[in-house]
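*Asks:* Residues per chain, in single letters:
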Amino acid sequence: MIAKTALKNIRYRPLNTALSLVLLTASVAIISLLLLLQNQFEKKFSDNIDGIDLVLGAKGSPLQLILSSVYQMDAPTGNIPLDSAQVWMKNPFVQSAIPLSFGDNYRGFKIVGTTPEYSQKYGATLLSGTMFQKDFEVVVGNAIAEKLGLKVGQKFLGSHGDVEGGEVHEDHPYVITGILKPTGKVIDNLILSNLSSVWAVHGSHDHSEEVTDDHVHSEACNHEHEHSDAHDHNHSDQSSETAHAQPETREITAVLLKMRNKMALVTWPRLIAANTNMQVASPAVEVNRLFTLFGVGIQALQYLAYGIMLISGISIFIALYNTLKERKYEFALMRISGAGRFHLLKLIVFESLFLCVIGFVFGIISGRIALYVISGIASDEYKMTFSPLEVLWEEEGLLFLLTIFTGFIAALVPAIKAYSLNISKTLANA
Amino acid sequence: MLGGLLRPSSGSVSIAGTALESLSERQLDAFRGRQIGMILQESHFVAALSVLENLQLASWLATGNQNSDRALQLLAELDLRDHAAKYTSQLSIGQKQRISIARALITSPSLVLADEPTSSLDDENAAIVTQLLKKLSQEYGAALIIVTHDQRLKEQFTNSVVL
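For the record, the sequence lines run as chains V and A.
Mapping the first sequence onto the numbering used here, position 216 (from 1) lands on 219, and the numbers just tick up by one.
Mapping the second sequence onto the numbering used here, position 140 (from 1) lands on 440, and the numbers just tick up by one.
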């Protein structure tokens with residue numbers, strides 16, 4: 004009955020209630036949105052660097068190298084000659100090395116020249132079709148296939164560069180041989196081909212010879228994969244592949260390295276910078292740097308949200324305190340009808356807590372709606388999606404407790420005032 | 301003091317065999333709810349609740365039971381059955397005063413205290429309220445104490461203490 008009366012009281016003063024609710028909703032929504040974004044963002048970034056210790060690429064900003072080669076988000080730093088990369092890829096410290104070569108896109112989605120090992124690294128198995136074997140055979144990431152409605156066997160023309168609308172390579176149509184299962188990682192938004200397709204499109208002089216070379220090779224490569232997934236096999240594949248290649252014409256964009264010896268993580272960056280025209284960057288280090296940069300902004304927004312929560316607490320307090328005067332008789336009357344002091348205390352605390360719970364629920368819901376919208380924008384612009392349905396039990400539980408605490412504190416003074424109300428004096432002044 | 305709102309500094313107040321000053325604050329609240337019905341000069345209600353809910357709340361606070369049937373029955377006797385779902389602010393003063401009576405009687409108290417129950421009412425409403433007070437307190441077996449300077453009311457009652 005007290006709870007019901009509290010609810011009725013909330014409804015009886017719609018403006019006060021609306022103000023408090025809007026403020027509470029806003030603060031909870033911002034905080035939960037930030038929590039979700041930060042959490043999923045970091046997870047996305049960390050997921051994608053699993054198994055990549057170092058990235059070898061052209062000199063330039065290490066962050067740019069990581070963003071472009073690991074996350075496919077930025078423009079590449081430039082190309083490196085395959086033969087100089089080979090030297091390091093064959094180093095005994097290296098456990099596995101996956102070469103990447105960028106050049107073309109199809110309707111804004113990057114076509115990446117690489118080895119089948121790349122899809123294995125992300126745990127992307129085939130949903131249908133087969134892995135690329137010959138030149139101009141491609142395997143399509145799940146998100147692209149879904150978005151563009153691509154099927155196995157379809158052909159398309161790639162265009163130059165990494166954005167939509169570049170020069171179209173009309174003489175080299177790609178054939179889709181397979182579609183990958185969804186992984187939630189960058190590979191969902193990539194089109195994979197072998198390395199020589201990329202070289203072929205960009206005008207190697209002895210085109211036909213390469214094709215046959217690689218044809219033979221990639222069949223062999225696939226064959227070996229069936230036997231074993233061991234990295235050493237793949238590694239030797241690559242060396243044999245590159246042995247076929249004509250070094251001076253072959254360029255790649257970056258190499259994803261997994262090291263056998265972790266000491267190399269520390270020594271290689273200086274070693275390579277000093278001795279070659281290339282650089283290696285550690286994804287873990289660069290991503291950490293990125294988070295620190297982001298962190299400042301996220302923290303500022305969080306403080307803002309806590310500020311709004313404080314204001315909503317004050318608003319509840321003022322609303323309760325203001326109505327106290329007009330409700331004095333109401334309280335005295337309830338006491339006459341047999342209500343104890345504790346009943347009045349409970350009534351006011353309940354009113355505040357109800358507001359907070361409703362505000363929290365609204366906030367959590369609108370935070371997720373906002374995330375859904377952001378996810379839509381991010382998936383178009385950065386090929387990154389966020390899940391609005393994820394619940395962060397620990398963080399959001401804490402947020403709930405904080406909201407309740409705010410409501411409780413806001414109700415405290417008005418509740419104590421009601422508790423200590425002198426009935427006979429109140430009624431004497433009536 | 302008789303309503304248990306103030307405590308005597310000396311002496312004793314007993315109602316239905318219970319000495320009020322011996323009760324704790326909490327017991328006193330409960331006793332007041334159950335045994336004493338009060339009608340005030342101006343009627344106050346919980347503004348956010350409907351007429352019926354006000355009566356239910358009063359009953360629940362005193363007895364822990366909402367007693368809706370009795371509330372509706374009382375409203376019917378007071379000719380206010382049609383107003384049960386309205387907010388109290390939508391009623392006239394006379395109607396409000398009648399609801400106060402209903403609220404005072406819903407717990408079947410042994411004592412009804414009425415403080416100037418008719419002072420803000422016109423002749424017609426005063427007559428109705430007086431009749432109801434008399435009739436209902438007899439019906440429910442409650443002692444009725446009215447404090448008034450209203451001549452219309454005094455004429456109706458014979459046993460008065462003039463101060």
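There could be a bad hint or two in this list.
[Stated by the list, open to error] One side only, chain V facing chain A, incomplete, derived with CB under 10 Å: (1) R14; (2) Y15; (3) E149; (4) K150; (5) G152; (6) K154; (7) Q157; (8) F320; (9) Y324; (10) N325; (11) L327; (12) R330; (13) L336; (14) G343; (15) I426.
Hints are computed from structural coordinates only; laboratory data are not their basis.
Nothing here was measured: the structure is a model prediction, and the numbers come from that model.
The beta carbon of each residue, even a glycine, is placed where N, CA and C say it ideally should be.
*Asks:* Next, verify each hint and record whether it holds.
*Replies:* Hints, one by one, checked against the model:
no.	hint	result
1	R14	holds, 7 Å
2	Y15	holds, 3 Å
3	E149	violated, 53 Å
4	K150	violated, 53 Å
5	G152	violated, 57 Å
6	K154	violated, 63 Å
7	Q157	violated, 66 Å
8	F320	violated, 19 Å
9	Y324	violated, 17 Å
10	N325	violated, 14 Å
11	L327	violated, 13 Å
12	R330	holds, 8 Å
13	L336	holds, 5 Å
14	G343	holds, 4 Å
15	I426	holds, 5 Å
In this structure, the hints that do not hold are numbers 3, 4, 5, 6, 7, 8, 9, 10, 11, in rising order.
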